[in-house]
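Undergrad: Between the sequences and the hints, there should be enough to build the whole structure, so can you do that?
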Amino acid sequence: MFELGPALHHAFELLRGFAVSHGMSRDAALLLSKIIQANILVLGVAVIPMVLVYAERKVSAFMQARLGPMHVGPWGILQTFADGVKLMLKEDVVPAGADKWVHFLAPVVAVAPVFVCFAPVPFGQGLTPVDLDTGVLFIFAVSGVSTIGILLGGWGSGNKFSMLGGLRAAAQLLSYEIPRVLSVIPVLMWYGSMSLGTIALAQHGRWLGILPKWFIFYPVIGQIAFLIFLISSVAETNRTPFDIPEAESELVAGFHTEFSGLKFALFFLAEYAYVFLASAMGTALFLGGGDGFLLPNGILPSWIWFLLKTFALVFLFLWFRWTYPRLRIDRLMQFCWKFLMPWSFVNIALTGLLVLVRQR
Amino acid sequence: MSQTTTPASAADVFPQAPPEKGMFISLGPQHPSTHGVLRVAITVDGETVTSAQPDIGYLHRATEKLAEKRTYPQIIVLTDRLDYLAAMTNNWSYCLAVEKMLAVPIPERAEYLRIIVGELQRIASHCVFLGTYGIDIGAYTPFLVAFGRERERILDLFEELCGARLTYNYIRIGGVMADTPAGWEKKVREFVKEMWGHIQEYDTLLTYNPIFMDRTQNIGLMTPEMAVAWGITGPNLRATGFRADVRKDDPYSLYPQLKFDIPVGKQGDCWERYQVRVSEMRESLKMIEQCLDRIQPGEWMAKLPKVYRVPAGEGYGHLEAPRGDLGFYIISDGSPSPYRMHIRAPSFINLQVLQQLLKGWKVADVVAILGSVDIVLGEVDR
Amino acid sequence: MSPSLSSLVFYAFSAMLVVTAVGVVTLRNVFYSAVSLVAALTIVAGLFVLLGADFLGAAQVLVYVGGILIIMLFVIMLSQQPRDLLQRQTNDQWIAGLFFALTIGVSLVRAFTYFVSQTPPDGDIAPTSASLGRLLLGEMLLPFEAVSLILLAALVGAVVFGQEKNA
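Chains as they are written, first to last, in this note's numbering: chain F, 1 to 360; chain S, 1 to 382; chain Y, 1 to 167.
Treat the hints as calculated values from the structure; they're not laboratory data.
Check the hints yourself; a few may be wrong.
[Claimed, not checked] Straight-line alpha carbon distances no greater than 25 angstroms define the calculated SDA-like cross-link-like pairs of lysine to any residue that follow:
{"hint": "1", "chain 1": "F", "residue 1": "Lys160", "chain 2": "S", "residue 2": "Trp361"}
{"hint": "2", "chain 1": "F", "residue 1": "Lys34", "chain 2": "Y", "residue 2": "Met16"}
{"hint": "3", "chain 1": "F", "residue 1": "Lys338", "chain 2": "Y", "residue 2": "Leu151"}
{"hint": "4", "chain 1": "S", "residue 1": "Lys362", "chain 2": "Y", "residue 2": "Gln163"}
{"hint": "5", "chain 1": "F", "residue 1": "Lys338", "chain 2": "Y", "residue 2": "Leu155"}
{"hint": "6", "chain 1": "F", "residue 1": "Lys338", "chain 2": "Y", "residue 2": "Gly67"}
{"hint": "7", "chain 1": "F", "residue 1": "Lys338", "chain 2": "S", "residue 2": "Thr48"}
{"hint": "8", "chain 1": "F", "residue 1": "Lys58", "chain 2": "S", "residue 2": "Phe147"}
{"hint": "9", "chain 1": "F", "residue 1": "Lys160", "chain 2": "Y", "residue 2": "Leu78"}
{"hint": "10", "chain 1": "F", "residue 1": "Lys338", "chain 2": "Y", "residue 2": "Val156"}
{"hint": "11", "chain 1": "F", "residue 1": "Lys338", "chain 2": "Y", "residue 2": "Leu149"}
{"hint": "12", "chain 1": "S", "residue 1": "Lys187", "chain 2": "F", "residue 2": "Ala65"}
{"hint": "13", "chain 1": "F", "residue 1": "Lys338", "chain 2": "Y", "residue 2": "Ile150"}
{"hint": "14", "chain 1": "S", "residue 1": "Lys193", "chain 2": "F", "residue 2": "Ala65"}
{"hint": "15", "chain 1": "F", "residue 1": "Lys160", "chain 2": "S", "residue 2": "Ile25"}
{"hint": "16", "chain 1": "F", "residue 1": "Lys338", "chain 2": "S", "residue 2": "Asn218"}
{"hint": "17", "chain 1": "F", "residue 1": "Lys160", "chain 2": "S", "residue 2": "Arg151"}
{"hint": "18", "chain 1": "F", "residue 1": "Lys160", "chain 2": "S", "residue 2": "Ala229"}
{"hint": "19", "chain 1": "F", "residue 1": "Lys160", "chain 2": "S", "residue 2": "Gly36"}
{"hint": "20", "chain 1": "F", "residue 1": "Lys338", "chain 2": "Y", "residue 2": "Ala154"}
{"hint": "21", "chain 1": "F", "residue 1": "Lys100", "chain 2": "Y", "residue 2": "Leu78"}
{"hint": "22", "chain 1": "S", "residue 1": "Lys193", "chain 2": "F", "residue 2": "Phe62"}
{"hint": "23", "chain 1": "F", "residue 1": "Lys34", "chain 2": "Y", "residue 2": "Tyr11"}
{"hint": "24", "chain 1": "F", "residue 1": "Lys34", "chain 2": "Y", "residue 2": "Phe13"}
{"hint": "25", "chain 1": "F", "residue 1": "Lys58", "chain 2": "S", "residue 2": "Arg151"}
{"hint": "26", "chain 1": "F", "residue 1": "Lys160", "chain 2": "Y", "residue 2": "Ile71"}
{"hint": "27", "chain 1": "F", "residue 1": "Lys338", "chain 2": "S", "residue 2": "Asp214"}
{"hint": "28", "chain 1": "F", "residue 1": "Lys338", "chain 2": "S", "residue 2": "Ile211"}
{"hint": "29", "chain 1": "F", "residue 1": "Lys100", "chain 2": "Y", "residue 2": "Tyr11"}
[Claimed, not checked] Covered stretches of chain F (chain S as the covering partner; in silico rule of three or more C-beta atoms under 8 angstroms from a C-beta of chain S):
{"hint": "30", "segment": "61-69"}
{"hint": "31", "segment": "230-243"}
{"hint": "32", "segment": "321-335"}
[Claimed, not checked] Taking CB as the label site, the calculated pair distances span:
{"hint": "33", "chain 1": "Y", "residue 1": "Ser7", "chain 2": "F", "residue 2": "Met24", "range": "18 to 28 angstroms"}
{"hint": "34", "chain 1": "Y", "residue 1": "Val63", "chain 2": "F", "residue 2": "Ala112", "range": "14 to 24 angstroms"}
{"hint": "35", "chain 1": "S", "residue 1": "Gly197", "chain 2": "F", "residue 2": "Ala96", "range": "49 to 59 angstroms"}
{"hint": "36", "chain 1": "Y", "residue 1": "Trp94", "chain 2": "S", "residue 2": "Thr48", "range": "40 to 50 angstroms"}
Where a beta carbon is used, it is the ideal one built from N, C-alpha and C, also for glycine.
TA: Shown next, in the form of structure tokens:
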């Protein structure tokens, strides 16, 4: 069926050729096409949270015997758009005790890495914006920068609750980053690559002609790794049951209490974009990327498969949020350091053993 | 009298200066987790609570004093405003006291209707507890499910019965306000049938959720001795393992004819206080079913004159309200209004234990313990 | 990328790096200093990538920006004192200090130009993680393990010192 990757590739080739033939230097033409690609990506990343927010509202509503937004557009699909416009038009309130510059910088630092993070994600066959050899490491590294944005937000608000929220968030994000990275290491060991595209491609294929060769289906190691990755990803995105940084009943709204208007919208955008990023990573690392299943090959293009799987994982995130209570802060840390960490080490050792066996 | 009384300022009761060791936290009166206008003055050493002092009175409306200037039937309206989540049992308890003094026989149909609405009210009240407790712990869905779905169904039933959704004024001295509208009993039966499934849903959603159990089990332990010493009643007392229930110990209405158990806990932690309430909802369903089987058409109001005077003397009526032993003590001097009325409000008495109960636990547990005691400030401050 | 483009990016990065690095040592607000250190280290990572060391660049961001600097911000936020926020970063001996720094800077530049004659290869960035891994777990295994042992010792030491005395 319709594969988007080759078509886009072809289009950009044409564009570059056109630019060069009209007197543009090759460098400038390359730069132009890269800028266009980057803009497509940024636009896509900015739109995804709107879809996710709508999904969150509808899913939560259906779980809670409600209908959710129904008035703006059919079935309320324009609700998030309306909310976005509202947030943009809202007055930007900077508290009197706030550090003006840090207050301004915080949402920017929080949101900027998200866009960069999507660069090495293989959205489908030939649809990897930049196939970095260190893709996985790159995503972990860059997404860690957002934590600084949260800290800046906590500090810049000049509000004790915000600062507490910011500190809690930083402690939590820093802690859960470790099992998250460790949980992915078995995948990297098995496929011998850090490129998301290569890993996703290596998972195409079937065992006995039925079971997909996705990493999640590898006995024991696949499941442990996936579970740890999923749990720590939920913690990394500050969502229930790990939403302590924003615990309403304890900290009002945590680090983004004092942000309004567009600044708040940016924090919001970052949060949802990270949910999508985590799901996309999970899809590429554990669920075979754009590999289809059940249906015969070629009925659906790989990018559709990728999005389907990603949204299935996003649904898991939503499901957790609307059915689970919140962990207590000390239990949260204990769970990370005393449960997830040892098990991820065990899993790495186990994978090492299996890799050895495979080499024999 | 030359003696002047200086009003006690907040500073007299609670030191404003920070304690020598640790920190002073004023929780409330405007805090999302204090369930109304309650303030708890907490001192903490590190993460551990060293003292906790509930500060009440933000909602005081002098209900007991107001009662002295009203005729007996007019007072029922006041009782609606006490525990506003369980107005039916408030009406009922007051009526019990007055009926005792009047020595008026209540028609059987009225008694059954009272039990049905009383137990429905208990379920509705526990639904609110369940939902808000979920929010305290960080789960949102139970709130919208229990509060927004099941409780609304009960309120619909009550609305059909008496026209009100919060302050019912349905149970009157000598019986109930009106007979049931056509088909009401069938609707109750349908609701009861569905409710069994819904309680099952609460169990899977919240009661046996590992995170929820982790937050509430072995937290805020209350021994039976401690509970009795503080005068705790209701589910909070039963959670400690003390089997005490006014419906069994000092039976009123037709409860002796009904078959039901009294759920009790073992160690009185937050989870058991919660779990006892969920079990009570099941017992209430059983009772409603039995009442629906037995109820016969007939009179719903005793023959009472339009204007009556309660003979001089005193009377005390109490019953098992959703939050504990709710009692009305009335002294009559034979005039149309009572000489003095006192309300034994279970929330008020249960609240006092917080001073001891919160001590020694972590700050993060304060919200969990506070929620599990389940107080209604309308009743605390009266 | 062609040489002209890459040198353009290099000079842009370097200029930003100098500005932020000067900010680290001159800003009077400790928090601002830390934030400009964040920026400086991020730009250093960018330079690494520009030189073809993609793994090093990612590791730089992951460890320094995403880890160490967050801890530093953490400490500043927890131990905030009004006087910390407005501190002069120089004292009476700033002339001596400047002289000393210049000496080190000049000798470093001399040393690098003497020993390192090789310029980084132009053209596309070649992956380095595989060769780096082979080096770390092969030829350099002993130093690698020794460093990790030292870090472990530091960790244990921190725990010992951090323990409460009465515990």
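Undergrad: Take the C-alpha atoms of Lys187 of chain S and Ala65 of chain F, compute the straight-line distance between them, and say whether it is at most 25 angstroms.
TA: holds, 20 angstroms
Undergrad: Is the hinted pair Lys58 of chain F and Arg151 of chain S satisfied, with a Cα-Cα distance of at most 25 angstroms?
TA: OK: Lys58 of chain F and Arg151 of chain S at ~23 angstroms, within 25 angstroms.
Undergrad: Is Lys100 of chain F within 25 angstroms of Tyr11 of chain Y, Cα to Cα?
TA: violated, 30 angstroms
Undergrad: Between Lys34 of chain F and Met16 of chain Y, does the CA-CA distance stay at or below 25 angstroms?
TA: Within the cut-off at roughly 23 angstroms; holds.
Undergrad: Compare the distance between the alpha carbons of Lys160 of chain F and Leu78 of chain Y with 25 angstroms, and conclude whether the hinted pair is satisfied.
TA: Holds. Lys160 of chain F to Leu78 of chain Y sits at ~11 angstroms (cutoff 25 angstroms).
Undergrad: Does Lys160 of chain F pair with Ala229 of chain S here, judged by a C-alpha cut-off of 25 angstroms?
TA: violated, 39 angstroms
Undergrad: Starting from Lys338 of chain F, check that the Cα of Thr48 of chain S is at most 25 angstroms away, please.
TA: Satisfied, since the Cα-Cα distance of roughly 23 angstroms is no more than 25 angstroms.
Undergrad: Is it true that the CA of Lys160 of chain F sits at most 25 angstroms from the CA of Trp361 of chain S?
TA: holds, 23 angstroms
Undergrad: Going straight from one Cα to the other, do Lys338 of chain F and Ile211 of chain S come out at no more than 25 angstroms?
TA: holds, 16 angstroms
Undergrad: Range hint 40 to 50 angstroms: satisfied by the CB atoms of Trp94 of chain Y and Thr48 of chain S?
TA: holds, 48 angstroms
Undergrad: Just to be careful, I want the Cα atoms of Lys160 of chain F and Gly36 of chain S compared with a cutoff of 25 angstroms; is the pair within it?
TA: holds, 24 angstroms
Undergrad: Could you grab the alpha-carbon distance between Lys338 of chain F and Leu155 of chain Y and see if it respects the 25 angstroms cut-off?
TA: Distance of about 17 angstroms is within 25 angstroms: holds.
Violated hints, in rising order: 17, 18, 29; the structure is consistent with all others.
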